Structures are given as structure tokens and as C-alpha cells.
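*Asks:* The working numbering runs 13 ahead of the 1-based position in the sequence shown.
Derived from the structure by calculation, the hints contain no laboratory data. Every value quoted in this text rests on a predicted model; they were computed, and no experiment measured them. Treat the hints with caution; some may be incorrect.
Unchecked claim - Distance windows between CB atoms, simulated: (1) 165 <-> 222: 48 to 56 angstroms; (2) 166 <-> 56: 43 to 51 angstroms; (3) 94 <-> 206: 20 to 28 angstroms; (4) 185 <-> 53: 25 to 33 angstroms; (5) 122 <-> 154: 30 to 38 angstroms; (6) 26 <-> 180: 27 to 35 angstroms; (7) 222 <-> 54: 58 to 66 angstroms.
Where is the CB? At the ideal position from N, CA and C, for every residue including glycine.
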Amino acid sequence: MSAETRTSPDEVRTALDDVYDPELDRSVTELEFVDDIEITGRSVSVSLRLPTGLCSPSFAWMMAADVRDAVLDLPDVDDVTVSLRDHVHDEEITRGVNDGASFQDVFEDAEADLEELRWTFDHKARLGRQHDAMTVLLEEGVDPHELVAITHGDVRLNDGVATVSVDDRSVSVPAEPIDSYLEKVDVLGIDASPDAPFFVTPEEEAIPPTEFESVRRLTRLSSVNMDGQAHECSLLLEARYGD
14 MSAETRTSPD
24 EVRTALDDVY
34 DPELDRSVTE
44 LEFVDDIEIT
54 GRSVSVSLRL
64 PTGLCSPSFA
74 WMMAADVRDA
84 VLDLPDVDDV
94 TVSLRDHVHD
104 EEITRGVNDG
114 ASFQDVFEDA
124 EADLEELRWT
134 FDHKARLGRQ
144 HDAMTVLLEE
154 GVDPHELVAI
164 THGDVRLNDG
174 VATVSVDDRS
184 VSVPAEPIDS
194 YLEKVDVLGI
204 DASPDAPFFV
214 TPEEEAIPPT
224 EFESVRRLTR
234 LSSVNMDGQA
244 HECSLLLEAR
254 YGD
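Start from the sequences and build out the full structure, keeping to the hints where you can.
*Replies:* Printed below as a string of C-alpha cells:
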């Protein structure tokens, strides 16, 4: 009889690298929200902790549900249990997520529409990631007029490098911020056809050269806000759990 295949804690954590706090646009592993992982055969249990017991139930629900879905997608996993600890609604969220209930089923008086919330946070994350993608190109000598003229057809990703055609030259930068930005472009369904502008306004339109600085300020604000909130959460988590 062949040995039963099973996943490993490292494989689970790698899967959870792609689960993000919706408000902070940071991985739950980077934020150290994953408290414990237990594996028994093809069953996995994941325990989550948050910076305070009063974190929004809707945010906690989204992360717990996304964690469960991400681990269930692993090939050697048949069952996943996610437990939220030390939260004012930990029992309701833990039970509801593992039972496959909807947020509205469990929190009947909640006004939050999770899909609308996801869109709102994905929109903010896109602005923050656009700021980072713009920054690497500006630092490489691309000027604002050139930046707003870049189309999706001008950008190629290969082996960790993004090569961007700018006027009569090519510029190479690290692929990570470009690829990260494109992930949110895809999630939001923004036009990514070859002739479509690579960078767009908050309204998802081409950026007029005269509006570059105002759009740049908005993207910077989004990036700085998320960085600041992530740092605050890190301090709260450390103060709460002391690790």
C-alpha cells in the first residue's frame, strides 16, 4: 500500500502568501496573522489572530474565508478548518466560515456587502500598487509625459524583469512592482488590451499629461495610508501577543 500523500506546513504557508488583508493589501503571512498550522493526513487546521479583538467582522470574515479557500486549493488537502482566536466574534466567524455560510447569514443586521467592500479595497490597492510601479520607472529616468503614454503592449515581463518600450528606447526594471500592479488591474477588469494605457486615473481612464501630478498624489496617498496602517497593526499585534 502506498503512503498517503500529504501537504507540508511550508506548502500551506506558501498558499497563504497570496491571501491578503483586504484593507492593508498585505499578506496574512507577512502581517503574522497566521498563528498556527496543524496537518493530519489530508486535513489542515489554520489558526488566525488579529491585532485587536475588535477588528471589523467583515474584514476578519473575508480573511478567514480566503484562507480556507486557498488551502483547499492545494492538491493534497481534502478538508480545512479555520479558527479565529481572541476576537469578539471569533465563534460566529469560525463556525460560519467552516460551515460555508454567508456573512449575511451569520450577521443578519450587517449592512456591509462583502463584494462591494472587496471592490473598494481592490481599488485602493490598485492605486497604491500603481504608485510603486510608477516609482520604479520614474527612478529609471522615464519622465511623466513618457509614463502616461505607455500602453500594455509596451510592457513585457520575463525572468523577474519588466522591459518597457519608451519612445525610441527600452527600460528594464524589477518585475515585482509591475506584476503586482497588473494583478489588481486584472482583478478589477481594467482594460489591458495592447493599445490600452498602462497607467490610468482613479476612474480608470487615460491620464492626461497635465493631470499626472494630481493622479500621482492620489496614488501616493493610498500607498502611504496602507503602509502606515500596516505598521500600526504590526505594533498592536506585537503588543498584544509579545512576539
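*Asks:* None of the hints should be skipped; say for each whether it holds.
*Replies:* Against the structure, the hints come out as follows:
1. 165 <-> 222: 48 to 56 angstroms: Between residue 165 and residue 222, where Cβ atoms are some 19 angstroms apart, the hint is violated.
2. 166 <-> 56: 43 to 51 angstroms: Given about 46 angstroms between the Cβ atoms, the range holds.
3. 94 <-> 206: 20 to 28 angstroms: Check failed, 42 angstroms falls outside 20 to 28 angstroms.
4. 185 <-> 53: 25 to 33 angstroms: 47 angstroms, violated
5. 122 <-> 154: 30 to 38 angstroms: This hint is violated: roughly 55 angstroms between Cβ atoms.
6. 26 <-> 180: 27 to 35 angstroms: At roughly 43 angstroms between Cβ atoms, residue 180 and residue 26 fall outside 27 to 35 angstroms, so the hint is violated.
7. 222 <-> 54: 58 to 66 angstroms: Since residue 222 and residue 54 have Cβ atoms about 60 angstroms apart, the given range 58 to 66 angstroms holds.
Checked against the numbered hints listed earlier, the structure breaks hints 1, 3, 4, 5 and 6; every other hint is satisfied.
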